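Asks: Going line by line, the protein sequences match chains L and W.
All residue numbers for the first sequence refer to my numbering, where the first residue is 1 and numbers rise by one.
All residue numbers for the second sequence refer to my numbering, where the first residue is 1001 and numbers rise by one.
In short, the hints are calculated from the structure, not lab data.
Computed from a prediction, not measured in an experiment: that's the story for all the values here.
Among these hints, one or two may not hold up.
Keeping only pairs whose Cα atoms sit at most 16 Å apart, straight-line, the calculated EDC-like set for lysine to aspartate or glutamate is [as the list claims (entries may be wrong)]:
id	chain 1	residue 1	chain 2	residue 2
1	W	Lys1053	L	Asp584
2	L	Lys585	W	Glu1046
3	W	Lys1049	L	Glu193
4	L	Lys449	L	Asp473
5	W	Lys1075	W	Asp1100
6	W	Lys1049	L	Asp188
7	L	Lys165	L	Asp39
8	L	Lys585	W	Glu1045
9	W	Lys1049	L	Glu127
Per label pair, the in silico range of CB-to-CB distance [said to hold, decoys possible]:
id	chain 1	residue 1	chain 2	residue 2	range
10	W	Lys1026	L	Ser99	37 to 43 Å
11	W	His1034	L	Ser99	34 to 40 Å
12	L	Trp218	W	Tyr1071	54 to 60 Å
13	W	Ile1030	L	Val465	46 to 52 Å
14	L	Gly498	W	Glu1009	47 to 53 Å
15	L	Gly382	W	Tyr1069	43 to 49 Å
The beta-carbon is built from N, C-alpha and C at its ideal position, and this holds for glycine as well.
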Amino acid sequence: MSDIKLTIDGKVVSVPMGSTVLEAARKVDVHIPTLCHLDLHDTKMVNQAASCRICVVEIDGRRNLAPSCATPALDGMVIKTNTIRVLDARKTVLELLLSDHPKECLTCAKSGECELQGLAESFGVREINITGKAQSTYRKDVTTSLIRDMDKCVMCRRCETMCNKVQTVGALSAINRGFEAVVSAAFDLPMGETVCTHCGQCVAVCPTGALTENDATWKVVEALADPEKVVVVQTAPAVRVAIGEEFGQDPGTTVTGQMVTALRNLGFDHVFDTDFAADLTILEEGTELLQRLGKFLAGEKEALPILTSCCPAWVNFIESQFPELIHIPSTAKSPQQMFGSIAKSYYADILDIPREKMVVVSIMPCLAKKYEASREEFAVNGNSDVDLVLSTRELANLIQRSNMNLMDLEKSEFDQPMGASTGAAVIFGTTGGVIEAAVRTAYEVHTGKELPKIDFEELRGFEGVRVAGVDMDGFMLNIGIAHGLGNARALLEEVRDGNPRNIHAIEVMACPGGCIGGAGQPFHHGDGSILKKRQSAIYQVDREMPIRKSHENPAITELYEKYLGKPCGHLSHQLLHTEYAVKDKV
Amino acid sequence: MSVKTDLTETKFNELEAYMETIPVKKGELIRVLHKAQGIFGYLPEEVQKYVAKKMNVSTAKVFGVVSFYSYFTMKPKGEHDIAICLGTACYVRGAEKILDAIKRETGIEVGETSADGKFSITGLRCVGACGLAPVVMVNDKVYGRLTADMIKGIIDNYR
Ligand code: SF4
Ligand code: SF4
Ligand code: FES
Ligand code: FES
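Just need the whole structure built from these sequences, with the hints factored in.
Replies: This is the structure:
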């Protein structure tokens, strides 16, 4: 593509044709503030509402100021981003926005991370001279995973772009017009009654406190303070490579040991690892894969493909959007739920306490896990297998609130037995990881031979949809991988419409990048390189583990010997498997 | 299908037949909704869901469009729909007073339907009969050059 040259604040810059003025400015480190605009290159999301006008600049020869995020860069343009006229315009825009925004920063969940607050701060807005009509007010919508407080909506419509274009869920739309305009669900229904998958990606991109997670930190504090309760915690793989960011570490810094110490200091009685349950998942799901592969090879063609079922948002998606494929996901529960189930049976027996005395807390990179834990089928007599779920951000907040600096803490190890894990488990945190872990075990069990090479580079990466063949000693197992629900939709439609590439096993994660990009992780504010760094950290942890295949985890072997019997056996079925139901929602 | 008598299968079939005449569905949502409102008289949730499914867009998106344009309504019109022009010419010549009189007589607001299902009021933009301003239409009959004191008599005709 041909390059064009333009001048921004006296600096000459050349950019490819089709770039915006904003992109050109960024290239020469001229900072132009933005609010509605968001460009997530790696997930191909561009939000170009051009509705807020905070990014205006002056272009020589044009009478009006132009929004840089939506103005194409042209050859020979001379642009000024910092004139008094520009600054004045931006300030007016801000004051307008603030005049219809609740002044609740002291109690707002987004305080400190809010882009609107950041702008007000950097512009030194000290009073708001515009007083319009009364502020628009909307009903607050609370689901198990997220809270929508639309009084704080600035109508950037990033959430709508995320939900409809990237995730293709279609739960959100702008409704009404003028002063009444707001982003909401069909018929303005509560989100819990819609096709919303609880993926939380709308929360991950909302610049303000309009969309936030349903915070459970105080409930955890209460449980910890209750002397009658035994409080057990599990931490998901993706948390350890991201939580450090909340304490000033570079993305991709692994802080497992410090995190374990922090949890112990907070008063958790047993600090365990979801990775243990991930290894367990591999044994159950891997066994199911091999059973279904056996049937397939015996001529029962509909036994495959099999779909992974670790991602609850993904399960919600298939239940409401692909009724015709409801029979193909693995029946294995997710690692979070396997953990809860085993903790409140096997481990409660070891401790010799009733399940009601135990509180299981999960630390998850995810908001959908909050919803998953609340599903009725994951409880015994109304007592949930997993009681409370905190996001990575919420845990960071809890640690800070307790006067600890994560990075000053000594490292320590998880407790046993449910803290033992392998490299196969930790890669559950990234796109491609679950299926690679499954293949490591399935290969060895199926062929009876040792894997020639543990790393399956062909399954890794960031492409939205990837298909690769894995040689199972003669049989070519075709694997499909998708991350982000829009990509999952494309792959599922392909499978539904004849499966031309003969895919046998599919891994789906609802969030871009997989759990490392989960909606409960530290905000990436549009910087895709953060996800890549978290991903490399995950593979680094895997490489450094002494054991890298799930079926070699001794604590898992012991669990089967002492308690469960064999994978996909009777007790496994009762405790570790589930079923899915078609849900007709709008 | 729905139990409501006014959401008959015949009407859905008519709508489906219409949609089949549109070769490329993309970008035609408003046209289809227009037609649907013509057939059903209003756009209840069932109809919006149906259109969403057929047009392969989300129900949220359909509702977004329906709630954006004041022309679309989710409530059934009354047996007699009183449509009042609120365009500039009519407005200048006293449409507001006429509207007040209509509201007084029927006890309902614009966009509402009376409890007995008899009357509804619809607000319109210029209907192209400015010479007759202010203008009201009841069902398909046009009443022009109105004054507020004529309203009671007109409405009584339909009681
Ligand atoms: S809810 Fe948040 S992301 Fe959605 S339009 Fe409002 S401010 Fe933007
Ligand atoms: S949680 Fe996910 S599915 Fe639900 S509204 Fe947000 S982006 Fe859409
Ligand atoms: S950031 Fe450009 S118009 Fe909002
Ligand atoms: S303004 Fe009423 S008919 Fe033109």
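Asks: Hints broken by the structure, by number, lowest first?
Replies: The structure conflicts with hints 5, 9, 12, 13 and 14, although it agrees with all the remaining ones.
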